[in-house]
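Which chain is which? The protein sequence lines are A and B, in order. For what it's worth, this note's numbering labels the leading residue of the first sequence as 1430, then goes sequentially. For what it's worth, this note's numbering labels the leading residue of the second sequence as 1430, then goes sequentially.
Warning: the hint list may mix true and false statements.
Pairs involving identical chains hold if they fit within one copy or between any two copies, as the list cannot separate such chains.
No more than 25 Å apart at the CA atoms, straight line, and that leaves these computed lysine to any residue pairs for SDA-like [what the hints assert, rightly or not]: (1) Lys1875 x Asp1860; (2) Lys1875 x Asp1489; (3) Lys1875 x Asn1497; (4) Lys1576 x Gln1909.
Think of the hints as simulated: they come from the structure by calculation, not from any bench.
So the chains spell out like this:
Protein chains: 2
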Amino acid sequence: MKLESLNAKAETPTPAGHRGRARRRRLARSIAPSESTPFTGRRIPAYNLLSETVLARIEDQADWILRNIGVEFRGDRTALDHFAQTGARIDGERVRFEPGHVRALCATAPSEFQLHGRDPVRTVTLGGDNVVLMPGYGSPFVSDLVKGRRYSTLKDFRNFVKLAYSAAALHHSGGTVVEPTDVSVNKRHLDMMLAHLTLSTKPFMGSVTAPERVRDSIEMARLVFGRDFMEHHAVMQANINVNSPLIYDDTMSTALRIYAEAGQCVCVSPAIFAGAMGPLSPAAVAAQTLAEAMVGIALAQLVRPGCPVVFGSFHSTMNLRTGALTFGSPEANMTTMALTQLGRRLGVPVRSGGGQITASNAPDGQAMQDSTGAMWSTLLSGAHQVWHAAGWLEGGLVMSYEKFIMDLDHCGAMLKLLQGFETNEEAFGRDAYFETGPGENFLSTKHTLRHYAAANYEPQISDAGPFETWSENGALTSDQRATARWHQMLNDYQRPEIKPGIQAALEDFVSERKARMPDEWY
Amino acid sequence: MKLESLNAKAETPTPAGHRGRARRRRLARSIAPSESTPFTGRRIPAYNLLSETVLARIEDQADWILRNIGVEFRGDRTALDHFAQTGARIDGERVRFEPGHVRALCATAPSEFQLHGRDPVRTVTLGGDNVVLMPGYGSPFVSDLVKGRRYSTLKDFRNFVKLAYSAAALHHSGGTVVEPTDVSVNKRHLDMMLAHLTLSTKPFMGSVTAPERVRDSIEMARLVFGRDFMEHHAVMQANINVNSPLIYDDTMSTALRIYAEAGQCVCVSPAIFAGAMGPLSPAAVAAQTLAEAMVGIALAQLVRPGCPVVFGSFHSTMNLRTGALTFGSPEANMTTMALTQLGRRLGVPVRSGGGQITASNAPDGQAMQDSTGAMWSTLLSGAHQVWHAAGWLEGGLVMSYEKFIMDLDHCGAMLKLLQGFETNEEAFGRDAYFETGPGENFLSTKHTLRHYAAANYEPQISDAGPFETWSENGALTSDQRATARWHQMLNDYQRPEIKPGIQAALEDFVSERKARMPDEWY
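Pulled out of the complex, with its shape left as it was, chain A reads as follows (with noise of 0.2 Å):
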């Protein structure tokens, strides 16, 4: 029911200006963390799915397949000639490892480290109790609800970066946010690096697609951060794509084995659509997940040891009887909380599969029924970084204006949520009750007073207004309001300060190399 007999009351000023603003602040702040506040790390327990004699059921399933069928590393025989010094098994381009041999490799990654901003505010700390947000990665498409659906632009990219800069709840700019098709394939990393290094200032990802594009990546990075710097902070990340099932291409083999002698952040992320790259269940596909992450953060580390790794995973399942894929069903949420699971087991950070992902064509009760069951999900279980945050829709085909907006609104929903609740004294009220009684509202208590500005996180565009008022201004759903609100985004964007002669220097970078290479659309 709306409590529309309270609605007067409280649309009454009410006496914030007076004196003790700065005492109710205080106390405000003290019961419950607004939005405002920067998030502070997760203070609620991360939930456990699984006992830990199942992960260690799955443990042994990876470490059966790493035995058994190995990984292929292909065209890429300095990887292999790594794991042949540990004394894996080499036979042509297969690698077999005997049971806990991979896991022992994986031992120098560090559990926590720092990714870090151009503006220090925004560096970020992955692992521990921190929780990194990131939009969504890798769309050929946009739609709004303006314009409609079409191939992303680079246009569509900066818009992105600057929606992501400006979002309170994201702490990270991304990566290939949207594909820029209007640019050639073989200079789109130089563009997409410009944008992320000079329109914000949060961290971001490198590029992978060749070597010379992740060596301009990182050249771009030294241009900002300094050679220096960069030789022990990671300032950027990679996104290393096995090929499942249980082949490592040379061109993501390379990236990994590029960004690991530099020093930066290499996240291994398996793509396992369950019953496609794996078997047909949750178990196999955390196991097969899990062998196939471990590989690549042991060659990280065997190519630096303590190299910063993040064990990723992109996984989810299938409509088998169309071949349609699925997200936020309850199999591949599930698969997400096992591998959270067994990441944090690893003791590295996690990025879990999941996200706000959907494979909804429209941002409609569908998308937003997906997205927030695999946020669930991911954030419960107690991942470390969630990519594809905000704005996936049509299984990561399209980034959406609206729903970029619309996941905005959950992520700072549960951000609040991961930060629990105050049951201090001051939380409790009880001075309240002695100045209400039985059958007494308590909206014009002190207590009341003192918190109502701050104590519930305020969503951006969710409407709980009478249903008249709403019909009068138009009948908007959700993803109509949302469209308003990305507009105001953009045009509120202030672009953060960069020193003149770094921004000359990237500029000067990406011409230079653009100058040397023709356009290439493969």
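Assemble chain B onto chain A, guided by the hints.
Chain B alone, transformed into the frame defined by chain A:
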């Protein structure tokens, strides 16, 4: 990314009709309970948001409230006398308790009991590892995408009883699923009971709005179940709302006493919006809910020791600037999780506030974002019974036909998730690795063929197909697709059998009662 390349393969007919079907089905069941498999209870652990220390602090605050403020029973001397006899302090209509006193009075309440369906296969167990999902409750309006928003009628009431009966994911017929506003207020309960008892065989709720309506409800149930059976078996449930803060009005406490005397299930649900009917914090709302609910549960035990009870709650947050009630907020979800833990510690089945609730005015993205998050908090924290699991819109003012269908999909998904997944040998699918190898796909492995039909939960209206097909089919959003589904469910509905004598007795009872009373509309 959609895995387009897999479509062709997956669309070719699979040999499900061939030999080994029974064995495949058996194996499939052994690794993944499918939607058609009846839900057999939670097999994953409950999430504990709060530590024992924090829970004890909230329990202490509940004790503080009961000792220092107390609860009023307005106009119900009998209730006060019950408490007086236990040594509680009575002051006018106020009763106060020493710490621990009320909790001790609750000790005779069973931790687990059955609520019998007219068809024994529909009998549910409340408590333990069981989860009972129910439709929404109490809406004066209904809406659908064809006819729009309107006052609900008896026809709508009957429709929702039929839909809940047909829904595999709902275990209970609910109570006042919608208000049949075309029937006079003093006769509604007769038509509602008749619908629950004849159109469904699932457990249901009786009227609480006046003592004679309570007695009519019990009498009608006795016509079906028999007086003797009901003396020792619960077949119906009563929703006793506390008039929070800290008030039981005599309508509610009298209804509670009559149901308890009859040995029927009493669910005691305080109703607290943080900052209005209690102090503004999750901790305070949880403590006050516990205090208020324990008093009602204690009264039921004093009336009839061993009376089956449910620890209920209804709570949420408000936008304190506008007075609008908000649902699915992080603060409300945390309160839900806290209350489930507190109820489990009290040792009685828990109906935790939550369910699939929203303040949204349309079955849009916001509606499903709110609802999905609230449902995760409810079910993951271990609630035994979930009210408002389907249909709720506009803060409960509206029961939406389309949202009912959308919610059902998520109910089914969550029931699948609550059953966890297997990690036995078959689940790991080792044989499939020997059939394939690195880089090869698993779609046509024997393991996938054994499991593809039953491995994954299949929602009814989710669409994971390509954008092009979806567009050609009219670009229907999930709410629009739901319209066809509820029409189909009503068309396919088959009325359960009932002995003609019982049907006639019920109808005679209703006619006779109606004939004795003039219509009253208040």
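Cross-check of the supplied hints:
Proximity of lysine 1875 and aspartate 1860 under a CA criterion of 25 Å is satisfied intra-copy only: 8 Å inside one chain copy versus 68 Å between copies. Taking identical chains as interchangeable, the C-alpha atoms of lysine 1875 and aspartate 1489 lie at most 25 Å apart only when they sit on different chains, with a minimum of 23 Å there against 58 Å within one chain. When the C-alpha separation of lysine 1875 and asparagine 1497 is checked against a cutoff of 25 Å, the pair qualifies only between copies, where the shortest distance is 19 Å, while the shortest distance within a copy is 68 Å. In the homo-oligomer, the alpha carbons of lysine 1576 and glutamine 1909 lie at most 25 Å apart both inside one protomer (13 Å) and across protomers (22 Å), since each shortest distance falls under that limit.
In the structure shown, no violation is registered for any of the earlier numbered hints.
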